[in-house]
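Q: Dock chain B against chain A, hints included.
Residue numbers (this note's numbering), protein chains in the order written: chain A, 1 to 168; chain B, 169 to 626.
For the record, the hints were derived by calculation from the structure and aren't laboratory data.
Glycine residues also receive a C-beta, built at the ideal position from the N, C-alpha and C atoms.
A couple of the hints might just be wrong.
Straight-line alpha carbon distances no greater than 27 Å define the calculated DSS-like cross-link-like pairs of lysine-lysine that follow [to be verified]:
| hint | chain 1 | residue 1 | chain 2 | residue 2 |
| --- | --- | --- | --- | --- |
| 1 | A | K11 | B | K408 |
| 2 | B | K381 | A | K106 |
| 3 | A | K11 | B | K368 |
| 4 | B | K197 | A | K11 |
| 5 | B | K252 | B | K475 |
| 6 | B | K480 | A | K11 |
| 7 | B | K275 | A | K11 |
| 8 | A | K11 | B | K456 |
| 9 | A | K11 | B | K447 |
| 10 | B | K419 | A | K11 |
| 11 | B | K197 | A | K98 |
| 12 | A | K11 | B | K401 |
| 13 | A | K11 | B | K388 |
| 14 | B | K381 | A | K11 |
| 15 | B | K470 | B | K456 |
| 16 | B | K353 | A | K11 |
| 17 | A | K11 | B | K580 |
| 18 | A | K68 | B | K401 |
Here are the simulated distance ranges between beta carbons [what the hints assert, rightly or not]:
| hint | chain 1 | residue 1 | chain 2 | residue 2 | range |
| --- | --- | --- | --- | --- | --- |
| 19 | B | G369 | A | D149 | 41 to 51 Å |
| 20 | A | H87 | B | K513 | 19 to 29 Å |
| 21 | A | A39 | B | K476 | 12 to 22 Å |
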Amino acid sequence: MTFVPNLEFKKLLLDVHLRDEIKYCYQCNRCSDVCPVAAAAPGRYEPRTLIMASFLGLPQLALGSPDKFMIWGCQVCDTCDEICPNHIELTEIFTLIKNIAVQQGKAPDYYTSQAKTILQFGKAIPMQPAIERRRQKFGIPPEPKCNVDEIKAILTETKLSKKLNMEG
Amino acid sequence: MSAKVAFMQLSSCWGCHQSLLNAHLGLLKVLPELEIVYWPAVVDFKLESLKKRQDGEIIVGFIEGAIRNEQDRQNTLLMRKKCKIIVALGACAVHGSVLGLANLYDKEDLLRRKFVEADSIGSSDVKGTWPKEHVPETTDRLMVVEDVIDVDLKLPGCPPRTSNIVSAVLYLLTLLAPPQGDPSKSVYDGVPKGESLVEKGELCFGSICAPSKDGSVYNKHEPWLGTYGLTNKPDMDRAKKLFELLSLKTKLTEEEAVKIKKFLMLALNLPGFEFMYFKGDPLQVLAKRPESIKEEKVGNTKILVFKKTGIKIIDDIIGLCLLKLRDSNQLKFNQATVCSTCERKVVDKTTAEFKRDYAGIADMNKCFLEQGYFCAGPATKAGCGTICPNRANAPCLGCYGPQENIKDQGAKMLSTFASIFQGDPEVLKEKVLDPAGLFNRFTLAVSTLGGKIKDKEA
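Looking at chain B on its own, in the form it has when it is part of the complex:
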């Protein structure tokens, strides 16, 4: 069985699709497993054919580009309707990219600049013609995909590295593999009462997990951590016992925390990939956006809201696991920025001057920031391979966007500069001609700066 995938194109440069095609023969491994039903960059399927698909029929939908006009918005909504998993592919779809800088201007100003004032517009009889027919209405401001629909997986980068896209596709394919466990049974089926580890006071998830198809036997000495996924028929009594046992633990020990982490990673088949942000990965969400998971109460026990399996007791146990991990400070989640993968030497972390990119040739071995060049490395997510600073002697521009727990990449970079710059602040003011464009080059559309809104009356 091959998986249906669709690639949607919004306002963008097609570069992300190019990056995927860069996999060349590497794609051969993946292609037989995919049935491409829509991909304007490569195959000639009409939009009508996509519209005629059943809702939710397509497994994965990749959306590249930002939403600049009404057609983009409609296409995005259409994709959400037809696809089970939506992947925002590339900086435009995730952070708005350089297109987002247009939000600094009013829509009327932008259109006038493009269709009336631009020098590249040819003869005078065309100049000033404002296209009204056969063009979709431009939206008031540029939006990212997440502003319009729910996004399951975010893959930033301008473009995302080929290897990143291929890894993400491979991961999604492993999600589609038929279950290898037997979800109609629980691991505890056939284990006599009082003989399971959970009844002896140990964390063992056998009651809510599926055994393997060949009926792997439950080992009484080793806790079951969900190797074969979750079951549809939990052993209710012992699942309740597990819930009780967990709720009584005021603070998790390191060993218990590791058990819970392993259980979540195995039972939910989490990817363990950090270049992408996957909403279905509660560990990643908890580490990066803890405030986005709400609390609720089951009886007298507080848990975090987790609704995925459709079986209340399993959801409750996972929610409780997440709450315990959060509250006991045992969720140690490593995160790196571009600086962590940079080969340049950092000595004193200060600079007395500010240079523009084109001024002189940078020292290949010294940190860009120390040399006075702007480099967004400290606030940019790792994953790109640090090609610009390590290979091209070019500072990081921040195309992978901020780590999920950094709210605003530009603000973070501003504060970085404020703390390392030793010279006269007035000089900095003079030299940085376009602070929004420099610090928020790829993320203005999602930044706290927002955009310009003209007062209608004025």
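Here chain A stands alone, though its shape is the one from the complex:
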């Protein structure tokens, strides 16, 4: 059966979603109507179906396949959160699913590579020789070295390296 709900996930979802008010989903499509990603990539990303899958406890339906962004299309711009008539925090739920998927090693490479870069170089965009040369040309002092070891230590302590399946 494809439609066996993941009960542990439902519990986690409620921990994020049910804080005070009970907010049921209308499936009214307002989130998909305003979503910039859904407009740019029709058929590949749609918050409404993702929130449906989450509420039903079927997070597997929200994870992507090669031709679809699905959950990874969410850029956390919060437009859907603001428009939702029932004030459902969709991006919170999507972030939860993303985190679970990353831990299970189901995240696509393009998603984790950025985190790996930070882990390796201490910054999201490492310095490139071309930029170094340009800085020299304009007389800007060389870029100060950042303490990569310290960042690595923090990230290892927060278990990021473990979650990304790259030790050290």
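A: Chain B only, in chain A's frame:
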């Protein structure tokens, strides 16, 4: 194992089935899980085959349409007998829709108009022939499905949005999934006496809940909220303790209320969908029709009647949870109308004129009501996606019907108009030619207006 489903067709236009078929390839995900045993719109199963099914054999029965004649009534009763879950699909089945406006007329008048006076009836030798044979008797008034049988799930809309129907079907399929917990045990089995959280005075539902099949261990620091559903073998001593603990709480704190809500949602596997009204969802029923759940007494403790699991102590605890939620005002249930999903700007919430739909072209950015057009948005349930006002520059007609806690959509809209209309009331009287048809367009059959009944003697 696939689930048996049946789709019944009463007096209606088949539009709701069209809406379901609109899912196109989206249906492919769902279809392998379904065994369709009756669906006149799509497959050629005879009614006899449905009659020969065993009672309760079909898991879900969808009923589209309203009850206009005796055959509709018989078919509805047949569906209730054969199906475990009955879904009223579409505005006709739930609210009577435009068909319900016929209730403003007497049955004789209606039949005469249709079979004798209608201009479209051809040659004069046919005209005036009142069909008596091979036609089912017309009922005195139009009824909705709920007037005849118990309905478990109501899915309004004319038609319900494709996505709504598919979501509802998916939810029903998740209900059919085999239990992932082990209902022959309780979470507290194996927890020594005095070590469970409930004995330490904390709300923990382990005594009436099932553990997971792989035997997930009870965490002594975190209350168990029913992740793997309810058990068949509750830990009686500690369940009684939980009942006692709950009954002593005069007012729930916010934290406790959230715990109870989570427990109910997890243990009963509630959908969390608001476009449909599901009778099996006590939170929804409590929020929208609190008066429909009666009170009863267990010993000296008042609880709300909840009978579903068949195990008294579990039913009692859930009933008590519901009562505490109701009485402590902690059941904060969000509900939205079409207005909450509308993009139009509302400025002063008044209008000085009343325009008919066809008069001029409405401003795309301004609220319809402020422009003087009739729009049923304020009294209509959200869920449709607000396609008419946002996309088509057409006011809401109210096809999704009222929110469950609004008794009469038409009356609500009348009072809305009474409070925003600044012009001469006489003008309004003159302009609104058919108030029942305008304010109760989709809901007359279930409205307080009822219908016309002719005195037999007169």
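Q: Of all the hints numbered above, which does this structure not satisfy? Sort the numbers upward.
A: Hints 7, 17, 18 and 21 are the ones this structure does not satisfy, whereas the remaining hints hold.
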